[in-house]
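*Asks:* Spelled out, the chains give:
Number of protein chains: 2
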Amino acid sequence: MTDIEQVARNAREASTLLQSITSKQKSLILSSIHDKLAENKQAILEANAVDKANAEQEVAAGKLSVSLFKRLDIEGKDGEKFETMLQGIKDVDSLYDPIGQVSLSRELDEGLNMYRVTCPVGVCLVIFEARPEVVVNIACLAIKSSNAVILKGGKEASATNQKLADLIREAIDATPTPEGATTFPANAVQLVSRREDIDKLLDQDRYIDLVVPRGSNSLVRYIQGHTRIPVLGHADGICSVYIDEFADVAKAPHIVVDAKTNYPAACNAAETLLVNSKVLKTTFTKVAQALFGANVILHADEASYAYLQNESGLTIPEGKLVKAQEGDFDKEFLDHEIAVRVVDSVSGAIEHINEHGSKHTDVIITENKDNAELFMRRVDAAGVYWNASSRFADGFRYGFGTEVGVSTNKTHARGPVGLEGLTIYKYRIYGNGQGAGDYGVGKGKRSFTHKTIPLDEVRNKFVI
Amino acid sequence: MTDIEQVARNAREASTLLQSITSKQKSLILSSIHDKLAENKQAILEANAVDKANAEQEVAAGKLSVSLFKRLDIEGKDGEKFETMLQGIKDVDSLYDPIGQVSLSRELDEGLNMYRVTCPVGVCLVIFEARPEVVVNIACLAIKSSNAVILKGGKEASATNQKLADLIREAIDATPTPEGATTFPANAVQLVSRREDIDKLLDQDRYIDLVVPRGSNSLVRYIQGHTRIPVLGHADGICSVYIDEFADVAKAPHIVVDAKTNYPAACNAAETLLVNSKVLKTTFTKVAQALFGANVILHADEASYAYLQNESGLTIPEGKLVKAQEGDFDKEFLDHEIAVRVVDSVSGAIEHINEHGSKHTDVIITENKDNAELFMRRVDAAGVYWNASSRFADGFRYGFGTEVGVSTNKTHARGPVGLEGLTIYKYRIYGNGQGAGDYGVGKGKRSFTHKTIPLDEVRNKFVI
Chain Z
2 MTDIEQVARN AREASTLLQS ITSKQKSLIL SSIHDKLAEN KQAILEANAV DKANAEQEVA
62 AGKLSVSLFK RLDIEGKDGE KFETMLQGIK DVDSLYDPIG QVSLSRELDE GLNMYRVTCP
122 VGVCLVIFEA RPEVVVNIAC LAIKSSNAVI LKGGKEASAT NQKLADLIRE AIDATPTPEG
182 ATTFPANAVQ LVSRREDIDK LLDQDRYIDL VVPRGSNSLV RYIQGHTRIP VLGHADGICS
242 VYIDEFADVA KAPHIVVDAK TNYPAACNAA ETLLVNSKVL KTTFTKVAQA LFGANVILHA
302 DEASYAYLQN ESGLTIPEGK LVKAQEGDFD KEFLDHEIAV RVVDSVSGAI EHINEHGSKH
362 TDVIITENKD NAELFMRRVD AAGVYWNASS RFADGFRYGF GTEVGVSTNK THARGPVGLE
422 GLTIYKYRIY GNGQGAGDYG VGKGKRSFTH KTIPLDEVRN KFVI
Chain Y
2 MTDIEQVARN AREASTLLQS ITSKQKSLIL SSIHDKLAEN KQAILEANAV DKANAEQEVA
62 AGKLSVSLFK RLDIEGKDGE KFETMLQGIK DVDSLYDPIG QVSLSRELDE GLNMYRVTCP
122 VGVCLVIFEA RPEVVVNIAC LAIKSSNAVI LKGGKEASAT NQKLADLIRE AIDATPTPEG
182 ATTFPANAVQ LVSRREDIDK LLDQDRYIDL VVPRGSNSLV RYIQGHTRIP VLGHADGICS
242 VYIDEFADVA KAPHIVVDAK TNYPAACNAA ETLLVNSKVL KTTFTKVAQA LFGANVILHA
302 DEASYAYLQN ESGLTIPEGK LVKAQEGDFD KEFLDHEIAV RVVDSVSGAI EHINEHGSKH
362 TDVIITENKD NAELFMRRVD AAGVYWNASS RFADGFRYGF GTEVGVSTNK THARGPVGLE
422 GLTIYKYRIY GNGQGAGDYG VGKGKRSFTH KTIPLDEVRN KFVI
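First to last, the sequence lines map onto chains Z and Y. Using this note's numbering, read the first sequence as starting at 2 and increasing by one per residue. Using this note's numbering, read the second sequence as starting at 2 and increasing by one per residue.
Any given hint could be a false lead.
[Claimed, not checked] Heads up, simulated DSBU-like pairs for lysine-lysine below, C-alpha to C-alpha not over 35 Å straight-line:
1. Lys78(Y) - Lys444(Z)
2. Lys37(Z) - Lys446(Y)
3. Lys201(Z) - Lys201(Y)
4. Lys82(Z) - Lys279(Y)
5. Lys444(Z) - Lys82(Y)
6. Lys91(Y) - Lys452(Z)
7. Lys444(Z) - Lys71(Y)
8. Lys444(Z) - Lys287(Y)
9. Lys370(Y) - Lys446(Z)
10. Lys446(Y) - Lys287(Z)
11. Lys452(Z) - Lys25(Y)
12. Lys201(Z) - Lys332(Y)
13. Lys82(Z) - Lys25(Y)
14. Lys37(Y) - Lys452(Z)
15. Lys42(Y) - Lys37(Z)
16. Lys452(Z) - Lys71(Y)
17. Lys324(Y) - Lys78(Z)
18. Lys444(Y) - Lys42(Z)
19. Lys91(Z) - Lys444(Y)
20. Lys321(Y) - Lys53(Z)
21. Lys446(Z) - Lys201(Y)
22. Lys91(Z) - Lys452(Y)
23. Lys462(Z) - Lys279(Y)
24. Lys91(Y) - Lys444(Z)
25. Lys446(Z) - Lys444(Y)
26. Lys321(Z) - Lys446(Y)
27. Lys444(Y) - Lys287(Z)
28. Lys321(Y) - Lys444(Z)
29. Lys332(Y) - Lys446(Z)
30. Lys321(Z) - Lys444(Y)
31. Lys287(Y) - Lys446(Z)
32. Lys446(Y) - Lys446(Z)
33. Lys444(Z) - Lys53(Y)
34. Lys201(Y) - Lys332(Z)
35. Lys370(Z) - Lys332(Z)
Simulated from the structure, these hints should not be mistaken for lab results.
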C-alpha cells in the first residue's frame with residue numbers, strides 16, 4: 002500500500018467513526034482547536050515567517066507574484082487576519098448541525114416508517130493554493146459536517162499549513178470524549194503536501210467521495226479531467242451584467258462598476274456587459290462613463306464601439322476603448338477590463354449568457370418585473386440577480402459563515418457551498434419484520450398508506 | 002454538426018424554454034399524453050407485436066432470454082400493464098410541482114433578499130433496456146420536473162419505443178398553450194435508437210447535464226467510464242442483511258426470505274447474509290431452514306458451513322449448501338443464491354458491508370435500539386433498514402409515484418430517485434441597486450442583516 006492509499010484509507014476509517022459523533026462533541030473539538038491555535042500563535046507565525054522568507058526569494062527571482070505573496074501572510078495588519086481566522090472557528094461552531102436533519106418523513110404502513118436524514122458525504126479532498134488559513138476553515142467545516150477531509154495545500158505555504166494541521170490534530174486528540182461517545186479520530190483532518198500526491202489521490206475513488214479544487218482555472222480543469230470522483234467547484238467565472246431596456250439609470254453605473262472593480266480577480270467579478278440597444282444613448286452612456294472613470298478598459302463589440310467612438314460625446318481615456326476580439330466573450334479578464342455587447346432584448350441577453358457564460362452568477366438591471374423574472378428563470382446559472390452586483394456571490398455574504406468553494410456544477414450543490422454541500426442523505430426505514438411480498442393485490446396482502454409524518458414531529462429525532 | 006449533436010442542442014433549447022413553463026401547462030400536457038396513448042392503444046400494440054415477433058426469433062435462436070422477452074410486452078395479462086402505464090401518467094400529474102420550491106430564504110439586508118429556489122437540472126439522458134413503458138414513465142417525470150430528456154431505449158423494443166415517443170411528441174405539440182405561457186417544445190422528449198449513438202451522446206457534456214443509465218452492470222460501468230457528464234445510477238446492488246445477536250427469531254426468517262426471493266433479479270434483493278456468531282444455533286438455524294425451504298443455495302463461509310453441515314441438525318437439500326468462494330461477497334447472484342458469513346458483532350457487520358457492499362440498501366434485524374442506530378449511522382448506503390426487507394428500496398414503495406432510477410452515488414441524490422433528483426436550485430437575489438462594496442467596516446458602510454425569512458411566507462412565490 003502506498004503512503005497515499007494509506008492516507009485515503011485512514012480518512013475512510015475516520016469517516017465511519019464520524020458518522021456517530023455527537024453535536025456536543027463537535028463543538029468541544031472546535032473550541033479545542035480555537036484555543037490551541039490561539040495559544041500557539043507565536044509558533045504559527047514562526048512557521049509562516051519561514052514560508053514568507055522562501056517566498057520573498059521567489060518574488061525577487063520573478064517566480065512568484067506579489068499578490069500571491071500577500072495571500073501567504075497569516076497575521077495581517079495588526080494581527081487582524083489571524084483574529085479573523087480564529088473568529089471563523091467560532092462562527093462555524095455557532096451554525097446549526099447539518100447532520101441528522103430530516104427532509105422527508107413518511108409512514109409507508111402502520112409500523113413501517115421512512116425518514117430521509119442528512120449524513121456526511123464521507124471523505125472530501127480539498128486542493129487549494131497559497132492561503133494557509135484555508136486549512137483551518139476547511140478543517141472546521143469538515144468537523145462540523147462530520148466529514149473526514151484530506152487537505153492538499155500550496156507548496157508556498159507548506160510550513161504554515163503543516164503547523165496548522167499538526168495543531169488541529171493535537172487539539173482533536175486532546176479533546177476529552179464525553180461519556181458514551183465515540184473517540185473523535187485525529188485522521189478526520191489529514192494534510193498532504195507534495196504536488197505528485199494529487200494524481201495518486203485522484204485515483205482513490207474507492208475511499209474519497211468528493212474533490213473540491215480551489216484554485217486556478219488550469220488546476221480545476223486538470224482535476225476535472227483526471228478523476229472518477231465527483232468534483233465540486235468552478236473553473237471559470239464568466240459573470241455577465243445585462244442592462245435592460247427598462248434599467249434604472251441611477252442604479253446601473255453603481256452595480257456595473259461594483260461588479261467589475263470591487264475585486265476584479267474574483268470569480269464573481271463581471272467579465273461581460275450586455276446592453277439593450279434601446280438604452281445605448283441613455284443608461285449605457287452613464288455606465289460607460291463610470292467604467293472609464295474607474296479605469297476599466299472596454300472591449301466593445303461593433304455596435305457599442307461605433308456608438309462610443311462616434312456618437313456618445315464621451316471623452317474616452319487613452320487605450321480604454323478597444324474593439325472586442327474573437328474569444329473576448331468567453332474569457333475571464335480578472336482585471337479592469339470588460340467585454341461589451343449590444344443585444345436586442347432580454348431574450349438576446351439570455352441566449353448570450355447561456356452560450357458564453359460559466360453558470361456562475363449573472364445580473365439583470367431592470368425595473369420591469371416580467372423581464373427580470375424571465376431572465377432569472379431562463380439564465381442557467383448558480384446565481385441570478387435582479388438589480389444587485391454579482392459580487393454578492395460569496396458564502397460569507399450569503400450568511401453561510403464561510404465556504405468550501407463556489408460550484409458551477411448542475412448537480413448536488415451550486416453557488417457558494419457551505420456546510421450543506423458537504424452533506425447527503427440516507428433513507429432510514431424502521432419496520433417490525435415486514436417483507437415487500439406482504440404488500441400488493443390479493444387476499445391477505447397489505448397496502449401502503451404513504452402518510453406524511455409532519456417534519457415538526459421528527460425535527461430532532463436524529464440529531465445526536 | 003452531427004445528428005446527435007443536433008439532438009443535444011435541440012434538447013438544450015427546449016430546456017431553456019422549459020424553465021418558464023407553468024404548473025398548469027405541465028398538467029395539460031400530461032393529460033394530453035394520457036389521452037393520446039389511450040386513443041392509440043391499438044397502434045401501440047401493433048408496434049409492440051412487431052418487436053415481439055422479432056424477439057421471438059431471437060429467443061428461438063437462443064440470443065435473447067425469456068425474461069427479457071417478457072419485459073418487452075406492453076399489454077400484460079388482460080391489458081393490465083398498459084393500464085398501469087396510463088395510470089402512471091395520472092400519478093405523476095398528481096404529484097406536487099417540484100420546480101419553484103424555496104429551500105432557503107434570507108434577507109441579506111433591507112431591500113436585498115435571497116431565495117434558494119428549485120429549478121430543473123436541464124437536459125437528462127436516460128439509457129435503458131427492454132421495457133418500452135420506460136419511455137412513458139421517464140417522459141412524464143421529465144415534463145413534470147421541467148427537464149428536457151433524451152431517451153435511448155433497447156434495440157429489442159425499438160418499434161414500440163418509437164411509436165410511444167412519436168405519440169408523446171404529437172400530444173405535446175397539440176396541447177393548447179394557455180394565454181401568456183411559453184409554447185411547450187416537443188423537443189422536450191427525444192428518442193434515439195442506435196447503439197452507436199450512446200458514445201456520441203456521452204461526448205455532449207456541453208449540452209447534457211445528467212446521464213441516468215438503467216440496465217446491466219456492464220452498461221452502467223461503461224457509461225461511468227466514458228463520460229464527463231455526471232452519472233446517476235447504480236452498477237451493483239450488493240445488499241446485505243445482518244442478523245444481530247438480539248434479532249427476533251420470529252422476524253428474521255421472513256425478512257431474509259423476502260429480501261432474497263421476492264424478486265431475486267432486482268438490485269434491491271439481498272446477496273449477502275451476515276450472522277452474529279452468538280445466534281448461529283438459534284435464529285440462524287431457523288433462517289437457514291427457511292432459505293432451504295425457499296430453494297435458496299447458501300454459499301457459506303467456513304464457520305457457517307461447518308455449523309450447518311455438522312451441528313445444525315438440519316436436513317440439507319442436495320446442492321443447497323456450498324462453500325463460499327473468493328469473490329462471493331462481492332457478487333450479485335441475482336438468483337436463488339446467497340453468500341453467508343459469520344461476524345462477531347454489529348461492528349463486524351458494519352465493517353464487512355462498508356468494505357464489500359455497493360452502498361445500495363442494507364438491513365439489520367435486531368431488537369436492540371443501540372445496535373440498530375449504530376448500524377444505521379455507520380453503514381454507508383442509500384438505504385439503511387431496521388427489521389424490514391431490502392426489497393422496499395423502490396420509488397413506488399417509497400411513495401414517489403415512479404422512479405428515474407436507483408442511485409448509489411454519494412452526491413446529489415441517493416436511493417430511488419423520483420422528481421426531486423431531477424431538480425437542482427438557483428440562488429435568486431432581489432436588490433435595488435446594491436454593490437458589494439457598499440458593505441463592510443468603515444464610515445458609510447452597511448452591514449448584512451442575514452435575517453431568516455420564514456419559508457411559509459414565500460412557499461408559493463416562485464411556483465408558476
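*Asks:* Which of the stated hints cannot be reconciled with the structure, identified by number in ascending sequence?
*Replies:* 4, 13, 15, 17, 20, 21, 25 and 32
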